[in-house]
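Enquirer: Fit chain B to the given chain A structure using the hints.
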Amino acid sequence: MSNRELSYAEAIREALAIALERDDSVFLMGEDIGVYGGAFQVTGDLIERFGEERVMDTPISELGGAGVAVGAALTGMRPVYEFQFSDFSMLAMEQIVNQAAKLRYMLGGAVSVPVVFRMPTGSGLGGAAQHSQSIEAWYAHVPGLKVVEPSTPEDVKGMLLAAIKDPDPVIVLEHKLLYKMKGVTPEGYYETPLDRAVVRRGGRDLTIVATAIMVHRALEAAQILASEDIDAEVIDLRSLRPIDRAAIVGSVKRTARLLAVYEGVKTLGIGAEIAAIVAESDAFDYLDAPIVRLGGVEAPIPYSPVLEKAAVPQVEDIVAAARRLAQGEV
Amino acid sequence: MTSHSNSARFSVAHPKVYDRLAPDEVLGALRRMHRIRRFEETAEDSYIRGLSYGTMHLSIGQEATAVGACMPLSDADWITSTHRGHGHCIAKGAELGPMFAEFLGREGGYCKGRGGSMHIAEPAKGNLGANGIVGGGLPIAVGAALSAKKRRTGAVALAFFGDGANNAGAFHEALNIASIWKLPVVFVCENNQYAMSMAMARSTAVANVADRASAYAIPGVIVDGNSFADVAEASFQATERARAGEGPTLIEAKTYRTRGHSRSDRNRYRAREEIEAWKARDPIARLEAEIVALGLATEPRVAAIAAEVEKEMAEAVAAASASPWPAVADVARDVYSPAERPLR
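For the protein sequence lines, the chains are A and B, in the order given.
At position 52 of the first sequence the residue is numbered 52 (this note's numbering), and the sequence of numbers has no breaks.
Take any residue in the second sequence, count from 1 to its spot, add 330: that is its number in this note's numbering.
Among the clues, some could well be false.
[To be verified] Stretch-level coverage of chain B by chain A, calculated; a stretch enters the list once three of its residues show a Cβ under 8 angstroms from a Cβ in chain A:
1. 458-465
2. 471-482
3. 521-534
4. 561-570
Just so you know, the hints here were simulated from the structure itself, not pulled from any lab data.
A quick note: this is a predicted structure, and the numbers were derived from the prediction, not measured.
Glycine included, C-beta positions come from ideal geometry on N, C-alpha and C.
Pulled out of the complex, with its shape left as it was, chain A reads as follows:
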């Protein structure tokens, strides 16, 4: 096994390059993904390698651009559409939710829509209220979409390749704070399942189910908790739709405590679903404490770094919540 490390952004670029090379029907669309290299320098030099026919700069027309991707996907192509920020995808919500997600069903299964929508998401870079949201739960509420939120370079490469091959529309949410994070990334083509959570750290005292950047914060928190003799299991959810119920239920049956950590606004966020999965399952009988959710505050993401940090769960918040939960103070 090679120990080659790539950054999360490099791993995405490598996945895109492999897909472009393997399959003529794959092409990229998005604003400033060409010579500019993408708002987060994800596509980088792909235009030099594959040309502007396959790395297509689109006008600032999210609705039109996403619709073009849907139409191309319906008729034999496999477009990968990059939104500069997930916030901007709201302009294309009509095409993503009313069209891409529903066309197969509405037409009785006669068509499929193999489109991938990539969306940088989350806060932490001072983008303020319209460039920092976490709207994963919105998309995860839509039958017909698949929604994934990979947290490592290895996963983002494998999940993106799986998403491109998938016959249905897939939303790949990329947390902006992960782009520069490095990690061991296998070479060549491989696929990572779009429907499986993964245990990042085994533990016996409580289960922390986290998404995206919160996986890394939860792992950091788990280390601190370990020094206090609290052994936290950390599950990286990875897929929000479909959601890996068995992984959550199985873990909670062993640890008897559940903490859900996510960046989206707490109320009606993905944590509500995680909690409900346990409440509706036989794991409920195993619980030794109420379920705890840590999510974003009930406010838009603020600009001031002091406030921005306070708006979403941080390592110390996770430590504190886990400690209370493990010590029976909830």
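Expert: This is chain B only, laid out in the frame that chain A set:
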């Protein structure tokens, strides 16, 4: 009749399109127009008698636009359709039986009863779907055109939309993208004068939808939407231009729906005289008169088509009514493509 940009002026007295079409093709077009009319009259009747459900949007009076626009298209070409889409579906070659079964919500329908009146489509004939979102089909057609260009299939995509959609952002974004990338797409506006209740003059800052073509540096053509010949000729020219790699065209077909917007329409926004005046310009009667006058077929032959379609429709209703209801257990089938391995 007016024309814009580089489009030609069409002659009503000697419709040019008949030089392109064999008599049988013209009779085939007439048959499709009759099918649309009978399908919709039957649908309306079935609704009134309580035999069907939901809502429907009838295009009675607009048949020449649907059929004329589709004349240059083969099954390899794509269309996107609208909520008022029965006509487009039939014009693109769909059969009445599975269409009526879909209208009734039966498993034998084109969409297996999942789509209903508003989404009837036969993708195998190049119909990418009747769309319930005004403007929704326009970018999708542009995407199909991009696909055709990339795969060098020589296909064109034709987007039907109404006058209402010309004020939706999707229209403007779609036309701009199609123009900058010179894509093989034809935008066909069925201007039936009203977006639900809102008259074009109240909703739109320009006098004609076609006027908007100049903003996207593409030809904008206005045709009489109740003239099969005029619509077909404009569509032939636009599709030829598209296939030659010269980019998109916007065709505005001025027409009229003689029925209300949907079942909820109490007709408070237009005068009875206006409706009657448009009924006098019936596109089917007009094509029949043209066929006879130009000697493309005899009067009895023309008259026989309506009777044949009447019989075809009766058979379609019988077949559709015999089709089973979908199995309730299948309510979530076809949300996703078949999984390579089961999701747990």
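Enquirer: Can you list which hints this structure breaks, lowest number first?
Expert: 3, 4
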